Amino acid sequence: MPELIKNGRLIADRFISVDADAPLPDGPLIVPLARWQAQREALLARGQALGVQVANTTAAAELAADLPHLAVVAIEFPKFADGRGYTLARLLRERFAYTGEIRAVGAVLRDQLFFMARVGFDAFALREDQDAEAALQAFSEFSVRYQPAADEPLPLYRRR
Amino acid sequence: MYLYDQYDQTLVDQRVEQFRGQVARYLAGELADDEFRPLRLMNGVYLQTHAYMLRIAVPYGLLSSAQLRMLAHIARTWDKGYGHFTTRQNIQFNWPALEDVPDILAALASVQMHAIQTSGNCIRNVTTDHLAGVAADELEDTRVWCEIIRQWSTLHPEFSYLPRKFKIAVSGAQRDRAAAQVHDVGLYLVRNAAGETGFQVLVGGGLGRTPIIGQTLREFLPKQDLLSYLEAILRVYNLEGRRDNLYKARIKILVKALGIEEFARRVEAEWVQIRDSALTLTQAEIDRVAACFVPPAYDTAAQQDHSWSEQREADAGFRRWLARNTVEHKQPGYRAVFVSLKTFGAAAPGDISAGQLDAVADLADRYSFGEVRSTHTQNLLLADVRQGDLYALWQVLDAVNLATPNIGTLADIVACPGLDYCSLANASAIPVAKDIQARFSDLDYLYDLGDLRLNISGCMNSCAHQHVGHIGVLGVDKNGEEWYQITVGGNSGNDASLGEVIGPSVARADVAATVEQLIAVYVEQREPEERFLDTVRRIGVRPFKERVYGAARPRNPSLEHAHA
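In the order they appear, the protein sequences are chains A and B. Residue 1 is where the first sequence starts when you use my numbering, and the numbers rise one by one after that. Residue 1 is where the second sequence starts when you use my numbering, and the numbers rise one by one after that.
Keep in mind the hints are simulated off the structure, nothing from the lab. Since the model is a prediction, treat every value here as computed from it, not as a measurement. A hint or two may mislead.
Derived Cβ-Cβ restraints for the label pairs, each shown as a range [unchecked claim]:
#1 B:Thr300 to A:Arg158: 35 to 43 Å
#2 B:Lys256 to A:Asp151: 30 to 38 Å
#3 B:Ala32 to A:Arg158: 36 to 44 Å
#4 A:Asp151 to B:Lys478: 47 to 55 Å
For every residue, glycine included, the Cβ atom is placed at its ideal position computed from N, Cα and C.
Just chain A, same shape as in the assembly (with noise of 0.2 Å):
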């Protein structure tokens, strides 16, 4: 199984990621989000978890009805530095109440996941060429937050 960072430690990924035709296999999904729309009931009736993959241009509030039955949002990164991705995450977290995994998908790079983190995304699908174990340092590299975000209700001015 591809490895996965999850809650700030590696894991094995259960998920399997199936494309917009290819056959279901048996076990935890992702599958596009287009998927997901038009065969809706059918893979609700397949009673296992279930995600769904959206482009970083999907409208958070496009999601909001399907989130109760989603185990994961998975987000795509198509280049690191196009940040759409990171105002997503967040409302799916703060504004539609989303508990479930977000997933940052695609360019996931380590000296992304910091901010990665504090936007909501919980799990990282880091491009192949990352070095995860040396990646995980990422996360504890500010212990100081000025900004209310998915990780932090309040401001630090609210705290200090």
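Given chain A's structure and the hints, the job is docking chain B onto it.
Relative to the frame of chain A, chain B by itself:
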């Protein structure tokens, strides 16, 4: 000034260690160039034509004498003995070795300084009026709000990978000295009918390739809502700003595409959801920060010292400097003093040597409560000088070549580093500034010409804000040669305007002569007491165009010849 507590200090220290690790991984080949690039930029490290460049944040232009001495130390230890003040009130060093940058940052952290977000597609150093706190026409000290914005924007997890850079300026006086209208967000401190202080919020201003004057997004924002409202603006921009084209990625393009009403509707829709969140500023926090900016212990007897009037009578050099390089202060008996970094001679506009940095630090300690400001016109300011100390101060400044009495004149040229340093530049800026200065070195003539702002950028990125120069000079590359497009009529104040191009670009050798022609038109046509800018506004561009290019011909024949 604001002093770090344990949180601020810890964050800056941890940033140094994070960057040390990033540099080590890059040098070990573990980080690719294009992955290291945004990381180093976000910490102020550029790769220039000859070397790395480190841009250090000077939050809203405020420096202590200890910080100035550290900058001098850095210039001596890790650079070539000088630094360069920028149009964002920051300072940059042009020759550090990448391996040394972590140590330089550690040295900076020891005096509560950093290079965080001085570049990159994130929220940049917030700028303000260099006369904040001492201007008579000020509503409130803007530095309080700048510091609050600084902390909120520092390592903001949601807004560190924006479509493009994001610049905020705050102005709190009747006269806008912060160029708020040409920023991504400009904030004017205002008072509403109920007598409450808040902000008029402008959005979508900016220079660069597509210069635009900002539009009002909200007439009055209660001050406790500042951060939630900024967060709403940034969120709309982060999600909807263009990412397909670098040149169309600034918020101004989004505002233009949507129209200000629709953009405002989206911001308001977002803001409604977060305005009553924990981001609402507490009075305790506003008071905590404001306590750092209380007026210093002014000498209430300062105005009784009239020695300066005799010195003014007796010494023409002092008199000139006093008239041009000092401005009035809200505290009776005090003046604010510009330290001119626009020396005639070889030094580039904004450059300062290590020795001069130390000298200014000493003067700040002796005469101005240990503080100095940098201005967005690339000079320094000693904000709180007793009138009785002016003569002694002037003598020391003069001895270290920092008293050139040319502030606000045509010789007070704003220039980017241009081709001499910058890898983005198409043309030189510094040598052109020096050519122009050489032609306009007669002080009496400069004073006769009065207030005149001339800005020179070496490329479309417009770091020297040439669009809002009364005279703007923009370097362009034409088949490997340096040519310059000239504009007149720009202005960055309350009545901000973008300069109008006078005609085809001119060769580098002809720029100074062309400026002379523009000035000749002004001198002939001006009315008594009329500034260059006002003459341009009254008579239009045409007389300037005709002088430079000839009435009937599209181009100046001598310039054609020069290019042939």
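Hint compliance check: list the failing hint numbers for this structure, sorted ascending. none
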